[in-house]
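Residue numbers (the numbering used here), protein chains in the order written: chain C, 1 to 308; chain G, 309 to 743.
If you're looking for bench data, these hints aren't it; they were derived computationally from the structure.
Warning: the hint list may mix true and false statements.
Rough simulated footprint, nothing fancy, chain C against chain G, three-plus residues with beta-carbon under 8 angstroms [claimed, not checked]:
(1) 655 to 663
(2) 691 to 704
Below, a list of computed lysine-lysine pairs in the DSS-like style, where the Cα atoms sit at most 27 angstroms apart [unchecked claim]:
(3) Lys-208(C) <-> Lys-38(C)
(4) Lys-712(G) <-> Lys-426(G)
(5) Lys-230(C) <-> Lys-12(C)
(6) Lys-443(G) <-> Lys-457(G)
(7) Lys-712(G) <-> Lys-123(C)
(8) Lys-204(C) <-> Lys-2(C)
(9) Lys-39(C) <-> Lys-204(C)
(10) Lys-705(G) <-> Lys-123(C)
(11) Lys-12(C) <-> Lys-150(C)
(12) Lys-12(C) <-> Lys-457(G)
(13) Lys-230(C) <-> Lys-469(G)
(14) Lys-6(C) <-> Lys-629(G)
(15) Lys-424(G) <-> Lys-457(G)
(16) Lys-629(G) <-> Lys-123(C)
(17) Lys-712(G) <-> Lys-347(G)
(18) Lys-38(C) <-> Lys-123(C)
For every residue, glycine included, the Cβ atom is placed at its ideal position computed from N, Cα and C.
Next come the chains, spelled out residue by residue.
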Amino acid sequence: MKFDRKDILGIKDLSVDEINVILETAESFLEISTREIKKVPTLRGKTIINLFFEASTRTRTSFEIAGKRLSADTINISASTSSVVKGETLIDTARNLEAMNPDVIVIRHSAAGAPHLLATLVKQAIINAGDGAHEHPTQALLDMMTIKEKKGKLAGLKVAIVGDIAHSRVARSNIYGLAKMGAEVVLAGPATMLPRDIEQMGVKSYTKLEDAICDADVVMMLRIQLERQKQNIFPSLREYSQHYCLNTRNIKLARPDAIVMHPGPINRGVEISPDIADDPAYSVILDQVNKGVAVRMALLYLLTGGNE
Amino acid sequence: MKILLTGARIIDPSQKIDAVMDIMIADGKICQTGLDLLKSAKSKDAAKIKIMELGGMVLTPGLIDMHTHLREPGQEYKETISSGAQAAVAGGFTSIACMPNTDPINDNRSITEFMKRKAVEASLANVYPIGAISKDSAGHHLTEFWDLKEAGAVALSDDGKPVMDAALMRHALEYAYSLGLPVISHCEDTNLSAGGQMNEGYYSTILGLRGIPSISEEAMVARDILLAEFTKTHVHIAHVSTKGSVRLIREAKKRGLKITAETAPHYFTLTDETLQTYNTRLKVNPPLRSAADVTAIKEGLADGTLDAIVTDHAPHARTDKELEFEYASNGISGLETSLSLSLRLVREGVLSLPELIAKMSINPAQILRLPKGTLEAGADADITVIDPQLPWIVDVKTFYSKGKNSPFHGWEMQGKAVLTIVGGEIKYAGPSLNI
């Protein structure tokens, strides 16, 4: 099929066909990263701007590597060094960048909807690299790619997502994506971390970790943001880890061949015990990072008209 | 100079009039309402009378909007008293009350007097300043209510900086009541709403925007009802947006308490579902609520729980709205769409036309104790003429308000104010009116 989308703003807007095209394209790019010379000329002469208004190591690096492996010129702008501190609005920043004729702008922003605003303003392709608590589409795509590789399919699997669902863009994008692909999604977290009416998204939610991971094929643990403690949505890391940390004991409730995922960076001993995080029998955390580059290569390729 | 308005359907809920009649105004006052004033007028000094033929039109007491923000002094780039008053008369309003959230806050007589003077200079609509409850609306120390009243303030409110301190609110209610000044409460528990961007529910969940729960409004509505009951005073609840608030106010009224309440057109027209494009023109406080809340607001209007329809006119410059949703200002520029949106309620069968006019004229006049909202002989000749059929399309570029921040841009409307008379003088005449 022809992939004629201008932007990738969220998984919510993508069709099953589009997700399949992205995943298949990504699979075909996996091999490039294993070569001795990890570079193809596909996007030579294209310019990609990574516009990051929020701190990020992994995602920004992943986008940068993805662009470079396709021979695009990649430029990183982070909030601390940009004009944002001088009081320039997102709109002005966008129009200035647009005037320099890049091909793709990758944006991460703490405000939900910021990539959507940008997409209405500029003619360039926009990729959402995470907006507030809204969506993180590339993370969900790399998660689905990882699951598909490990399990051979997505449909029919039971995926448990555990942690601070309310503040998680990873959770939202995965809920949309996995549900579209036919997986069953269940959530767990303290009641204060389960947002209102979340079950209307077609998921079940539990306040006990054990209830969610029971018979799960995939267990996805979310990072606890330490600063959330100030909002009184949980009393202490100590108590949280006693009830919501995935460990060698409770993982036995999941299917014996269950895989464990985490979008990173992990808080060892808080939401995931080191024994699980580092056990290759369960943990696919580094596979996720590996797939991230391929998925981002695929999106850069598709959005610049690669499959026309 | 006399003006005879003839042929219109006159609706004056203050006198329970709904009939095709004539109305004569002279020297800025209403002199007579009745049948066939034209004949008797013609026989006498016909040459001195301006006759306006208004067949097919609806003529009402000048509409009153008891909740606007005019931004002057301090934020004249968003609106001035003059531009706001111009928007008011274009929207059919002859009198507007303006909230004290200017810069500086209207918390003393010099600001109130300044506002009154600016309104006189503009000479468009009647402008009634609302004074702050607390100094700088900071919620700590009462302002000088007596002084504010003498300077022309018609009510007291801390507007969007709600009085969180229940003891301060209690004293404000007692002190204001003794002076005959209504207290208007923007009900919002700011701890419950902290950081919130939109109504808390399914749509805030999928959009990843922090929610403002309906209880942040309802908890304060309940508190203020209890305070009014305990102190035997009156409280007016501003811009009611939730089903629970309607229920609380309905029960309070049943128990005979002195509670009045208002809502705004966007709360009976739009739901939080519309926010899915992150359109900042839809960002308002209180936020757009659920479909169930919209239904409850309509029921509250229909059964009289909600006494008044206000605009909550909150004009902003483009730069205040063309931002990430989180950083955009709250508010809708409402003066020039309020009447047309409210007329939809009549077509939907929620309100009769006289009931609607009451909520936009005599009811707010009574709440604010203004000698307005009536066509009785001797009253100020404040009159609104509405063409109930006129089709038009909202175009913010044509707004008289400096605030072009309307989510209704492009909407097809039916019905509009076509003539606005304030104190016997024509302050707005729509292009469709042949006079």
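Against the structure, the hints:
no.: 1; hint: 655 to 663; verdict: violated (count 0)
no.: 2; hint: 691 to 704; verdict: violated (count 0)
no.: 3; hint: Lys-208(C) <-> Lys-38(C); verdict: violated, 45 angstroms
no.: 4; hint: Lys-712(G) <-> Lys-426(G); verdict: holds, 22 angstroms
no.: 5; hint: Lys-230(C) <-> Lys-12(C); verdict: violated, 31 angstroms
no.: 6; hint: Lys-443(G) <-> Lys-457(G); verdict: holds, 15 angstroms
no.: 7; hint: Lys-712(G) <-> Lys-123(C); verdict: holds, 25 angstroms
no.: 8; hint: Lys-204(C) <-> Lys-2(C); verdict: violated, 35 angstroms
no.: 9; hint: Lys-39(C) <-> Lys-204(C); verdict: violated, 43 angstroms
no.: 10; hint: Lys-705(G) <-> Lys-123(C); verdict: holds, 25 angstroms
no.: 11; hint: Lys-12(C) <-> Lys-150(C); verdict: holds, 24 angstroms
no.: 12; hint: Lys-12(C) <-> Lys-457(G); verdict: violated, 55 angstroms
no.: 13; hint: Lys-230(C) <-> Lys-469(G); verdict: holds, 23 angstroms
no.: 14; hint: Lys-6(C) <-> Lys-629(G); verdict: holds, 25 angstroms
no.: 15; hint: Lys-424(G) <-> Lys-457(G); verdict: holds, 12 angstroms
no.: 16; hint: Lys-629(G) <-> Lys-123(C); verdict: holds, 21 angstroms
no.: 17; hint: Lys-712(G) <-> Lys-347(G); verdict: violated, 46 angstroms
no.: 18; hint: Lys-38(C) <-> Lys-123(C); verdict: violated, 30 angstroms
Hint compliance for this structure: hints 1, 2, 3, 5, 8, 9, 12, 17 and 18 are broken, all remaining hints hold.
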